[in-house]
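Chemist: Chain Z is already provided as a structure; the job is to place chain U on it using the hints.
The primary structure of each chain is shown beneath.
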Amino acid sequence: MNGRLQILPLCAVLGAAAPAGWRPVFSDATAASGLAGFVNVQGARTKDYVLESVGGGCAFLDYNNDGRLDVLLVRGSRLEKIRRGSGDPVAALYRGDGQGRFSDVTRESGLVGLGWGMGVAVADLDSNGWPDVFLTGFGRNFLFLNERGRFREIAAEAGLASGGFSTGAAFFDYDRDGRLDLYVARYVEFDIERPPPRQPSCWYKGLDVFCGPRGFTGAVDSLYRNLGGGRFADVTERAGLVDSRWKYYGLGVVAADFDDDGWPDLYVANDSTPNYLYRNNRDGTFSEIAVAAGAAYNDDGLEQASMGVDAGDYDNDGRLDIIVTNFERDTNELYRNLGGGQFRDVTMASGIGPPSFLLLGWGAGFADFDNDGWRDLFVANGHVYPEVDSVRMGTSYAQRHLLHYNLGDGRFEEAAARSGAALQRAYTGRGVAFGDYDDDGDIDILINNIDAAPTLLRNDGGHRRRWIGFRGAPVGTRVTIEASGRRQVAEVKSAASYLSANDPRLHFGLGEAAAVERVTIRLPSGEVRERRNLPAGRYWEIP
Amino acid sequence: MIAAWIAPLLLQVSPEAHIAAAQRYLDAERAPLALAEIRKLLAVRPDYPRAHYLAGLAHLKLAEFAPAIAELSAELERSPAFAEAYYYRGIARAARQELADAERDFRRALELSPDAAGVHFQLGKLLIETDRASAALPWLERAVQSGPGNPLAHYQLGRALQRLGRAEEAERQFALARRLQEADRAAAAGRLQ
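One line per chain: the protein sequences are Z and U, in this order.
Residues in the first sequence are numbered from 1 upward in steps of one, following this note's numbering.
Residues in the second sequence are numbered from 544 upward in steps of one, following this note's numbering.
In case anyone wonders, no lab produced these hints; they're calculated from the structure.
A quick note: this is a predicted structure, and the numbers were derived from the prediction, not measured.
Fair warning: there could be bad hints in the mix.
[Claimed, not checked] The list that follows gives simulated cross-link-like pairs (lysine to aspartate or glutamate, EDC-like), each with its CA atoms no further than 20 Å apart:
| # | chain 1 | residue 1 | chain 2 | residue 2 |
| --- | --- | --- | --- | --- |
| 1 | Z | K205 | U | D570 |
| 2 | Z | K205 | U | E572 |
| 3 | Z | K205 | Z | D317 |
This is chain Z alone, in the form it adopts within the complex (with noise of 0.2 Å):
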């Protein structure tokens, strides 16, 4: 708690209990905090093409080291402006004050950049105790590296320009030399000088729509592996990485241990295709096992036009579960982890399924909303053709999110409706991210919508029951916390959601415990420390 005076109501004061199934209600905060200005604009809204559908993401970052959570919301453009060699400002940055206002700071922290944006991952690269920035985008990427709160751009130098239509990325150490290493997904090779026009053979249930991603040439996704003093080397083919064979239409990343065994793995959720799960075999190779892993298809064995995805330990069993996002009139999948290597489809028995079947998912989070001890789900949604509003069809272009409450036995309930009226608004929603931006102990959310205006979700009263978190530790840390003989696990990630990053400290619903007993830190490296008996309601540095 950072001790600056706030609105609590009387039982949170007198520290008071919430009721047995109590939750929080989610709050607009967009116009008071000063991110209402910023648009993603994503071509034209007519939406013509593929190319102008998918993006852009966002991200929670304390990117000047005050403590204070700062907002980065990634921008589009437009055809036009890319076909004369220019684009728009591919960020924004605002930093905040820890009160719920930002104040934009894009051209004073010198995170400059003209182009079509589209993800973003954070991480410190350097190891200077600054937090650096990856931003894909159509045509090229950025790489700002962070100097004590200024930023200077070095992607051409680093190796790492290249763009075609890279979508999400995500920094992790595959190989675990201390150097944190880049995987990019790129979605179709698309033409900007001849972009595809629409056609008969491109209709969506009966509708004229633009055309793909399916019929476009896969664009192949690439690993980086960080070889010191801001240099990257295109390792994918030698990493074992199958994209270049099978040039699947890569979108959402995530790096984290699924097998627990101390070396990070992979999985990207891919549009209209097959996902990849990357086991991290030690030795600098993946195999990629998403099929006979479980983590490919949905339940039936179809493959999915999967956006956003995320890993999180939702059943508290020590192991890293997967939520991935898929378009409407299909499930959005959680894949629960057996271990041995298997996943689960428990899209049905937990309850997720029948609320995401008519809405399109994009960024997605498991994190504890209401800090009961058990991690929750939010889905962002919104369609990708305008056309959808035409006609009766059961579903439409903005659209509401989904909230689905942990309920401990593995079901999920859907409360969205239920948890503030900012809630039962229909949104076009894209990247998110999760994080704690008014220090107050709970977890609220950033949407960035698609051609519109972003959305700050603040948790108002998630905080009535105990929590802990964790600042400091380095991208690829797994924290084990012991707390009123439950267990709970989680990692530090560079990039989730769908193209974006959440805040970098660690967050854990405690429900009544007032303290953790045991801390677990696993570091990248293998090293592993411990603390204990830790008071809960209090962000804690580690390592």
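Modeler: For chain U alone, coordinates are given in the frame of chain Z:
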């Protein structure tokens, strides 16, 4: 209840025209319109053959599983030998995790239509889910025989074999499933959709 005198006014088109329109809407993925069409018919002819069945399918397409089950059950009360109604009610029940009831529906559908590959597939999948992979195997083998070009059948057969510890055979089925999907994709390459 609708007054008897108003019924003829509501039924300005023939029942079969309502059925045909609802079917067309379903084929075109316009489930709300199909439902509206079928409700007009049900308001005046609640026993008309296939009306509850189509209403059930429309609810199913909207992921409204409870009303889908209710409508399909209503159809089955009127047409107890309707294999497709059992099949779709089984799918709706499986989606609601009413797995024992779903299994009963699939088996009844098979009694009525023993060669229905879709039922072989669904029953096999349900048996895997309920940890009876050896029981699933013959149904999925039949699904593969009926549709050797169907990647889904090969994938489910692979899952059953994997659960039975027959890893190499499972891997072969998974590879076959992927090859079939890739062949579809290669055939569609360059044809924008």
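Chemist: Run every hint past the structure and note whether it holds.
Modeler: Okay, the hints, checked on the actual structure:
Taking the CA atoms of K205 of chain Z and D570 of chain U, the gap is about 9 Å. The hint holds against a cut of 20 Å. Of the pairs offered as hints, the one joining K205 of chain Z and E572 of chain U holds, with about 6 Å between alpha carbons and a cut-off of 20 Å not exceeded. For the given pair, K205 of chain Z sits about 42 Å from D317 of chain Z by alpha-carbon distance, which is inconsistent with the 20 Å threshold.
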